[in-house]
Amino acid sequence: MSYVEAILKVLVVGLLLGAGLPAVFAAGLVAYSNGAGGQHADGTAQAPNPALKWLGVLLFVFVGWVILTAVAWITRATIIHQFGFDPFPFIK
Amino acid sequence: MIILVLLIATALAFDFTNGFHDTGNAMATSIATGALKPKTAVLLAGILNLVGAFLSVEVAVTVTTQVLKIQDSKTGHLVTGITPSVGLTIIFAGLIGGILWNLLTWLFGIPSSSSHALFGGLIGAGLAALGTAGVNWQGITSKVIIPAVAAPVIACLVAACGTWLVYRITRNVMAKRREEGFRWGQIATASLVALSHGTNDAQKTMGVIALALITTGHLTGDVKKEGLPFWIIFSCALAIGLGTYIGGWRVIRTLGKGLVEIESPQGLAAEASSAAIILSSSAAGMALSTTHVATGSILGSGVGKPGAEVRWAVAGRMVVAWLITLPAAALMGALAFWLSYGVESVTGSDLAGDGLIFVILCALSFYIWWRAQQQKVDSNNVNADWDSSTNSVVPADVREASKAHKKDAAAV
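Protein chains in written order, with my numbering: chain A, 1058 to 1149; chain B, 2 to 413.
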């Protein structure tokens, strides 16, 4: 049964990070693009909206932060071994 | 000692083929959508592979302990009945099986798994030398076979969800900005895949070299606790980075153009799914095939986009290649072992046996390379239109040109 469990784990992590993050990125793109204003393909104009644009940037930053954290988590052992500090000192 | 040096050279050669066979996993979609220029893409992938190789040793541990039962699990000594000479020949023959299968599949542009080629080669040579007792069946089932079957399915599912979501969410975004935004995202995710490829695949060769050094007694058994010598990590990182930079254009072409006609949002979803799955299973020490994951993801990005066309004939051919990779590489590994062992028992010199299979390896590799040069696929024609009637990786005009060339030669 442990195989099924391991596979399910990878599937859940995969869905969260592999499909969830692109969705957040896409949402960021929607916010950023609409916030920047411009003209749609059908000719309707969109007024710029700085708040929306910043929301988009915030979402991009969030995606980047999640990725960096995940990489640091995976390489944790090596980072501790080579550089002598723990990137996640509060988690055992 | 000479054999050990030859073996390490062969292992690095395997690492090199591993690199260029798998460049496409990370970069095929970015090259196909034009997010990166082909040359830039392979350079970026090469550097990131180099960096990635330094990041973790989990998978190397799997390779030294889970495939062959050469060392005793408790003491780390060699299992009784294996002399260092036989142990080295097993690893040597395994590597040869892996390299030859990698080159052969590259010639046909099939993205088969380099990991399976390596494990297949080792298993085959191990079987030939020690019988069924020499192979760690349980380790292979849990760490190799099950991930191999599950990975592409999971990847396909995740990428399909991702693609669907991404298209759904951005359906009202201006087309130009969407294309541009996703190109950036694509470059980022592709880089992540290249990095994770380094952490996963370079490890396999490090594991093999470590296994050889353990066999000869140059290294003590516990890789997990003591880490690997720096020169092993460095040379493997360099070999896979260089291999990636040379770029297996044939495989890139199949993945980027053959399977699905890709747009940048699909590329982003596919690469994100690959990166998430490869990294999470690398952390678990599962030596899964990055190739299977990448292919599954790209397939999924075709399934998830409404109205996209997937060339199932190409996909089917790949699945067949996946199924036969392990046994075929095993057969080559076993043949190489028997040949070397036979020569050794006739001449009484283990150098003669291992030397012979090394020379054969060089000759066959050169031949395959020469065949590939006849109908060349490189950075210039990697994105040429896919010919659905033949589904051949070689672009139609190159095939014609080489046919005409042959006719001329025949006429003279």
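Honestly, the hints are just simulated from the structure, not real lab data.
A couple of the hints might just be wrong.
[Unchecked claim] Computed footprint of chain A on chain B, listed as stretches where at least three residues anywhere in the stretch have a Cβ under 8 Å from a Cβ of chain A: (1) 43–57; (2) 162–175; (3) 329–337; (4) 370–383.
Keep in mind that this is a model prediction, so the values were computed, not measured.
All C-beta atoms in this analysis are idealised placements derived from N, C-alpha and C, irrespective of residue type, glycine included.
Verdict on chain A covering the segment 370–383 of chain B, criterion of 3 CB contacts below 8 Å: Not satisfied, violated; 0 residues make the cut.
Within 8 Å of chain A (C-beta), three or more residues of the segment 162–175 of chain B: It holds: at least three residues are needed, and the segment 162–175 of chain B offers 9 whose Cβ sits within less than 8 Å of chain A.
8 Å C-beta test of the segment 329–337 of chain B against chain A, three or more residues: violated (count 0)
Verdict on chain A covering the segment 43–57 of chain B, where coverage means 3 or more residues with a C-beta closer than 8 Å: holds (count 3)
Violated hints, listed in ascending order, are 3 and 4; each of the other numbered hints is respected by the structure.
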